[in-house]
Amino acid sequence: MMSFISYLVNGISLGSIYALIALGYTMVYGIAKMLNFAHGDIIMVGGFTVFTAMSTEWCPVWLSVVIGIIVCTVLGVVVEKVAYKPLRNASPLAVLITAIGVSYLLQNVALIIFGSASQSFTSVVKNVAPVTIGGVTISMETIISIVVSVIIMICLTFFINKTKAGKAMLAVSEDKGAAQLMGINVNSTISLTFAIGSALAGVASVLLCSSYPQISPYTGSMPGIKAFVAAVFGGIGSIPGAMIGGILLGVIENLSKAYISSQLSDAIVFLVLIVVLIVKPTGIMGKKINEKV
Amino acid sequence: MKVSKKILALSLAACMTVPFFGACGSNSASDSTDSTAAPEAEGDFTGTMVIGGIGPLTGGAAVYGNAVKNGIQLAVDEINAAGGVNGIKLELNFQDDEHNEEKAVNAYNTLKDKDMKLLIGTVTSNPCIAVAAESAKDNIFQLTPSGSAVDCVANDNAFRICFNDPNQGTASAQYIAQNGLATKVAAIYDSSDVYSTGIYEKFAAEAANQNLEVVAAEAFTADSKTDFSVQIQKVQESGAELLFLPIYYQEAALILQQADKAGLNVKYFGCDGLDGLIDQLGDDVAISEGVMLLTPFAADATDEKTVAFTTAYKNAYNGEVPIQFAADGYDAVYAVKAAMEKAGITDASISASDLCDALKTAMTEITVEGVTGTITWTADGEPTKDPKAMQIVITENEDGTKTGSYAAL
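Chains as they are written, first to last, in this note's numbering: chain A, 1 to 293; chain B, 1 to 409.
Because the hints were derived from the structure by calculation, they are not lab data.
Every value quoted in this text rests on a predicted model; they were computed, and no experiment measured them.
Ideal placement from N, C-alpha and C gives every residue a C-beta, glycine not left out.
What you were told as hints is all true, and nothing was included just to trick you.
Quick list of simulated restraints, FRET-style, between CB atoms: (1) A:Leu111 with B:Asp399: 30 to 36 Å; (2) B:Glu237 with A:Gln180: 56 to 62 Å; (3) A:Leu277 with B:Lys314: 55 to 61 Å; (4) A:Leu271 with B:Ala407: 43 to 49 Å; (5) B:Asp223 with A:Lys162: 36 to 42 Å; (6) A:Ala117 with B:Ala407: 23 to 29 Å.
Turn these sequences into a full structure, and let the hints steer you where they fit.
Structural data, given as C-alpha cells:
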C-alpha cells in the first residue's frame, strides 16, 4: 500500500508537469486553432536561460527563474508574430509545418550555442531534504511541482472566467469573426494567449529541469509530445481537460511501469489514449460541436 | 504587415548566418587536423605510410572522436620520433563522420583517394559496421579502437581494441561474484539501445552461472529516460544489495540523483558507458562515491605505463585528462606497429590489400602491452585482455567543494 501511494504521488508530480505544458498546447489550439509544435522547445529555451542565469555568480535563484519565464514569454510572442501571424489565413497544414520548422530552428540554434552533450542542471530547491510522510518519502521537487501546478491552474481558471481579457479569449475561441464584431481585438488576444502559454512553459521548464536535473537541446521534445498527447486525451481546446489529461497520463505511465512492465509503459499509455479516443473522440472533457450544414 | 515582413526577412537572414558560422567552426577544426598531421622532420625514413582515421569530431559523440584522434596522434608522434616502424614514417589523416553511417562511408572513400594503407576506426559502432562492409570489399586492414558492437569485426580484415558488448556483461557478473560484492543484484537498462541490452542479456546469463540472484530487472526506453522513480522504488523493494547499470553516463547520473533522493542504499556497478559520470553530476558529484565500473583504463591508475601515457597526453593537449577512448586510440597505433614489425613490412609503397593480408595473420601472433591492458587477438578480431575495475573516490577541496576521480580497485 505504501509503495502504491509512492507510485501515485510520483505519477501526479510527473503528470502535473505534463499538465502545465499541455495547457500551453490547448490554449493556443482553442484560440488560434493551430498545433504549436514549437511549444516543447520553448521549454528547452526556458531551461537553458535559467541554467545560464544560475551559472553566473550575481544572479540569485529566484531572479533566474523570473528571467527564464520572461524570456519564454517574449519568445512565444515573437514566434507568433514572426512565424504564425503572416499565415493566419493560410491552410492549417502550412501553419503546422511552420510550427515544426520553428521547433527544429530552436533546437538547432541551441545545438550550436550549447552543444549536444547534456549538462547538469542545479535544482532550484537544492539542499532541501526529502519529506517522509507515513513511511512514504517524497522529494521537495515533487511537492513543489504539485503545489505550483495546482496554484497556476486555479489562477488560470479564475483569469479565464472572471477577467475581461479571459472572457475575450473565450469569445475568440468560440467565434473569431463574431468576437471581432463585438469590439474584441483578435490579434492582441491571440498574442496574449501565446504569452500566457509560453510563460507556463517557462514555469514547466524550471520544474522539469529541477526534478530531472539535466538539460540538452532535446530536453523539451519528448515532454512536449507527451503533453500534446495529454491535451488530446483531456480534450484539446479545453483547459480543465488539459489538467486532467496531464495528471492522468503521468499516473497511468507510472502505475503501468510499476505493475505491468517498465518496458511497455509507453505502449500502454498510448493504448489508453487510443481506447479513450475510440469511445469519446473529443477527449475526456472535449465538447461535441455540431456543425451546421 | 510591412514591418513584420522585414522582421521575418531579418530573422531568416539571421538563421542563415548561424549555420554558416557553425560551418566555419568545423572547417577550421579539420584544417587543424591536417596541420597536426604534417611531417615535422624528414629524417632517415624510407617512406611515409598514410594511416586513415574516422570518428566523430563534431556532434553528439564528438568527445569520443576527439579523444581517439588525440590518442592516435600522440602514438604516431612518439613512434615517428623514435624512428618510425621499420624505418617507415607514419602519417595520420583523420576524417570527421559526425557519428553518421553515410558520412563515415564518404570519409572512408576520401581516405582511399588520399592513399590510405590501413584504417584505424571508426570510433562509434553503427558507422563502424557501415565502413566495415566497404573495407572488407576493398580488403583494407581495419582496426577499431572503440567500436564495441559484435558486428564491427564480423569480417576477417577487422579487429578491435576494446571489449565487445556481451564480453562486458559476462565480465561484470564474474567480477561481482568473485569479489563477493553481492548475492542479490538488480539492473536498470535501456531496452531501446543495442549496447545496453547486449550487456544486460549476457550479464543475466552469466549471473545464473555465478549464483547471483537477479531480483529486479527494470528497463527504460529512449522515449522515457528522465523519470526513474518507479524503477528505483522497485529496486528498493526487491532487497537488492547491488544495482547494475549497463547504460551511458547521462541516464546513470539521473538514476543516481533520483536514487539519492529516494534514499536507496545499494552498491552501484557499471561498464565503460559510465566513463564521464563525474563531470555529468556537476555539483552533485559526492553521491557517486563508491560507484564501481569495469573499464580497461583509468587516467589516475598508478602503474608505470598509465602514468607515462597520461603525462604525455596532458603535455600534448593543454592538460586535458585522457579518457578510455584516447587510450584505445593510442593502443591501436602500437598494435599496428607491432603487427607491421611481426609481418616484416619495410616497404611503405606496399599495396593496401597486400598489407591487409600480412597484418591479418600477424595480428593473431602479437602481444601488445598497452595502456588498456596486455592484449592478444583471436582470428575473429576479438581482443583478449583482463578488465580492470575502478571505483569513484571523492576528495574534498580546501574551499569545501568536492572532486571525484577514478581509482583502481
